[in-house]
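Engineer: Residue numbers (my numbering), protein chains in the order written: chain C, 1148 to 1393; chain D, 948 to 1258.
Just so you know, the hints here were simulated from the structure itself, not pulled from any lab data.
Note that beta-carbon positions come from the ideal geometry of N, C-alpha and C, so glycine has one too.
Some hints could be false.
[What the hints assert, rightly or not] In silico EDC-like cross-links for lysine to aspartate or glutamate, where the CA-CA straight-line distance does not exceed 16 Å:
#1 K1168(D) / E1130(D)
#2 K1120(D) / E1267(C)
#3 K1196(D) / D1211(D)
#4 K1019(D) / E1277(C)
#5 K968(D) / E1261(C)
#6 K1120(D) / E1261(C)
[Stated by the list, open to error] Across the chosen pairs, the derived CB separations fall in these ranges:
#7 S1339(C) / S1041(D): 39 to 49 Å
#8 E1258(C) / R1028(D): 29 to 39 Å
#9 G1241(C) / K970(D): 20 to 30 Å
#10 K1245(C) / P1108(D): 45 to 55 Å
#11 S1339(C) / A986(D): 25 to 35 Å
#12 K1373(C) / P1163(D): 48 to 58 Å
#13 K970(D) / E1267(C): 15 to 25 Å
#14 V1104(D) / S1152(C): 19 to 29 Å
#15 L1251(C) / S1041(D): 16 to 26 Å
#16 F1178(D) / Q1179(C): 27 to 37 Å
#17 G1181(C) / K1069(D): 50 to 60 Å
#18 H1067(D) / E1267(C): 52 to 62 Å
#19 F1166(D) / S1152(C): 31 to 41 Å
[Unchecked claim] Residues from chain C that face chain D, not an exhaustive set, calculated with beta carbons under 8 Å:
#20 Q1225
#21 T1226
#22 G1252
#23 P1262
#24 R1265
#25 D1306
#26 S1310
#27 S1313
#28 I1315
#29 K1319
Here's the letter readout for the chains.
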Amino acid sequence: MKNGSLKQILLLTDGCSNKGEDPSATAALAYQQGITVNVIGILEDDQTESPDGLQEVEDIALSGGGVSQIVYSESLSQTVQMVTKQAMNQTLQGFVNKELRQILGSDQGIEDLEPEKRGEIMEVVEDLGETSDLEVLVLVDTSASMHNKLPTVKEALVDLSISLNSRIGRNKFCIYSFPGKRKDIQLVFDWSPKLDTISTVFPKLTSGGITPTGPAIREAMYQFGKKSLLRSFRHEDESGMEETGY
Amino acid sequence: MKMNQVWKKQGIDLRPGSQIKGKWHHKTYTIQRKLGAGAIGTVYLCNHGDRPAALKISDKGTSMTVEVNVLKSLEKVQGSRLGPSLLDVDDWVSPTGNTYSFYVMEYLQGETMVGFIRKHGKDWIGVFMLQLLEDLEKLHQTGWIFGDLKTENLLVVSSPPTVRWVDVGGTTKQGRAIKEYTEFYDRGYWGLGSRKAEPSYDLFAFVMVFLTIYYPNRFEKEHEATEKLLFKKIDHVNDLIPYRSVLKKALKSGYASSAEMKRDLIHVLNAAKKREFYHKQKPKTSWKRLFMESGGIGVLALMYYLFSLLF
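The task is simple: from the sequences and hints, build the whole structure.
Structural biologist: Quick look at the structure:
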């Protein structure tokens, strides 16, 4: 836990994938490598029921070990930060539960303890959530139907950065959009501790209705890998760099 | 691990008359009616024996545990009742085999602050402001920040009218990131500060609470600078005239503690009283007053005259 921060992919989409591999499978792959996948499905303001396509939202998060939520764009800000924090706690709780199982026996988890003892354990989980470092790769669906939601998405991401930077632990964010030009995903905003500097607008929307969610998640997963490789190089050369960043 | 994953599932709906029996402490509660539902769990009015109590039940075990932790630490604050007192914490296994967490707390009966002030007049604003600031000060001194301070979380209980906090789920340790908030009351939303748990965070929300009384439908961010917009909203309310300067300073996170804000508030309240007194003096020169005053003098003179006759 000490070295290594929590890694999350936050997928924002409004529909169903229609190209490439099954996104649930790639999400499971990411989860296997310690990256949690959270998904937020954004509804049109006049949609009363979630369309069938958004069932996928739940499935991806479930196999990605993360949290999913379907919302109207107006409540996006609150949801984005809630989902992120909830997923963090869920991951940390997973660690704590694993430790507990080793101590208490195979089938025991927090829920099997009496309420009084649970409190103390949750304090530990909360402490961890507050102090651990977090890396979030935001993956935004920029297919045509997302067009009028993008300003809200941007606002919600800035808001997420306010929330997370009020924590004690350090944060890093980056934003990718998909589908990209000739690529599965496209970099919008590179790794940075804060998002309030997003001046870049999302790239021109690609029409045609292609939503390659699966390949996008896979590519996002690779970005995490690349980054840690880069960092390990950096650590060898100039080890003080990371710490002085703050 | 699974505990929080079920949060998309529909909440539990308990019918009046349902019996909830604790798995650990074996106490039985009879559900009366639903009091409200939030992001985490549903609150019911219930009976334990013949005593009413409020029971909060949820499938989010971990979030409930966190809330219980807060309630417990608030109880340690000596000499004042900040939150509702905690009576029991337990689990309930439903007939279908699902396990839910619940806790039972004191049932507070009262009316909303908005309703109370509408009924009993603006004189109570200053009273409630001072009361709230005093409670906040006590809370802050124990190292906690209320976080989700909003009108829905406040209740005026009677005899004597006192503001009580009903939901303390957002209460966060000082120095951390605010756990739960409502956009309208959140300075981060308005771009006027961080979401770090510190006294000035609560004091910002405090101002928004008193604005909500006059803007029950709230209002939204506009294109103009938010600080200017909020200042304008304060200026438009006549009842808030005496408090303007204090409220504006709190919006700018200008107060490091509730005590400091309270001092300023007492100061303006006294100044306002004096001014009011002065304003009331003026119309005293009206004919009616003059007549009454001369009448009074007449009575005195007559008594003096009678006394002088006696001796």
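Engineer: Does each hint hold? Answer for all of them.
Structural biologist: Each hint tested on the structure:
1. A hinted pair counts as satisfied when its Cα atoms are at most 16 Å apart, and K1168(D) with E1130(D) qualifies at roughly 11 Å.
2. Proposed proximity of K1120(D) and E1267(C) is supported: the alpha carbons are some 15 Å apart, at most 16 Å.
3. As the CA atoms of K1196(D) and D1211(D) are separated by approximately 10 Å, the hinted pair is consistent with the 16 Å bound.
4. Among the hinted pairs, K1019(D) with E1277(C) is inconsistent with the structure: their alpha-carbon atoms are about 20 Å apart, more than 16 Å.
5. A hinted pair counts as satisfied when its Cα atoms are at most 16 Å apart, and K968(D) with E1261(C) qualifies at roughly 15 Å.
6. At roughly 24 Å between alpha-carbon atoms, K1120(D) and E1261(C) are farther apart than 16 Å, so this suggested pair is violated.
7. Here the CB-CB span from S1339(C) to S1041(D) is close to 47 Å, well matched to the stated 39 to 49 Å.
8. Remark: the range hint 29 to 39 Å for E1258(C) to R1028(D) is upheld by a beta-carbon distance near 31 Å.
9. Here the CB-CB span from G1241(C) to K970(D) is close to 24 Å, well matched to the stated 20 to 30 Å.
10. Remark: the range hint 45 to 55 Å for K1245(C) to P1108(D) is upheld by a beta-carbon distance near 51 Å.
11. In this structure the supplied range 25 to 35 Å holds for S1339(C) paired with A986(D), their Cβ-Cβ distance being about 30 Å.
12. Against the hinted window of 48 to 58 Å, the Cβ-Cβ separation of K1373(C) and P1163(D) comes to about 52 Å, which satisfies the hint.
13. Under the hint 15 to 25 Å, the C-beta atoms of K970(D) and E1267(C), about 19 Å apart, fit the expected range.
14. The given range of 19 to 29 Å is broken by V1104(D) and S1152(C), whose C-beta atoms sit roughly 46 Å from each other.
15. The hinted range of 16 to 26 Å is satisfied by L1251(C) and S1041(D), whose Cβ atoms lie roughly 25 Å apart.
16. Between F1178(D) and Q1179(C) the beta carbons are some 53 Å apart, a value that contradicts the proposed interval 27 to 37 Å.
17. About 58 Å separates the C-beta atoms of G1181(C) and K1069(D), a value consistent with the hinted range of 50 to 60 Å.
18. Look at H1067(D) against E1267(C): about 44 Å separates their beta carbons, and that is not inside 52 to 62 Å.
19. One distance hint, 31 to 41 Å for the beta-carbon pair F1166(D) and S1152(C), holds here, with the actual separation near 39 Å.
20. A least Cβ separation of about 6 Å between Q1225(C) and chain D falls short of the 8 Å threshold, and the interface hint therefore holds.
21. Interface hint status for T1226(C): violated, as the beta-carbon distance to the closest one in chain D is roughly 11 Å, over 8 Å.
22. Checking G1252(C) against chain D: minimum C-beta separation of about 16 Å lies over 8 Å; hint violated.
23. Interface restraint check for P1262(C): the shortest CB-CB distance to chain D comes to about 4 Å, inside 8 Å, so the restraint holds.
24. Because the closest C-beta pair between R1265(C) and chain D is about 5 Å apart, less than 8 Å, the hint holds.
25. For D1306(C), the shortest C-beta to C-beta distance to chain D is roughly 7 Å, which falls under 8 Å, so the interface hint holds.
26. Nearest Cβ of chain D to the Cβ of S1310(C): about 5 Å, under the 8 Å cut. The hint holds.
27. For S1313(C), the suggested interface contact is upheld, since its CB lies about 4 Å from the closest CB of chain D, less than 8 Å.
28. For the restraint placing I1315(C) at the interface with chain D, the shortest Cβ-Cβ distance is roughly 7 Å, inside the 8 Å limit, so the hint holds.
29. At a threshold of 8 Å, the smallest CB-CB gap from K1319(C) to chain D is about 16 Å, leaving the interface hint violated.
The earlier numbered hints that this structure contradicts are 4, 6, 14, 16, 18, 21, 22, 29.
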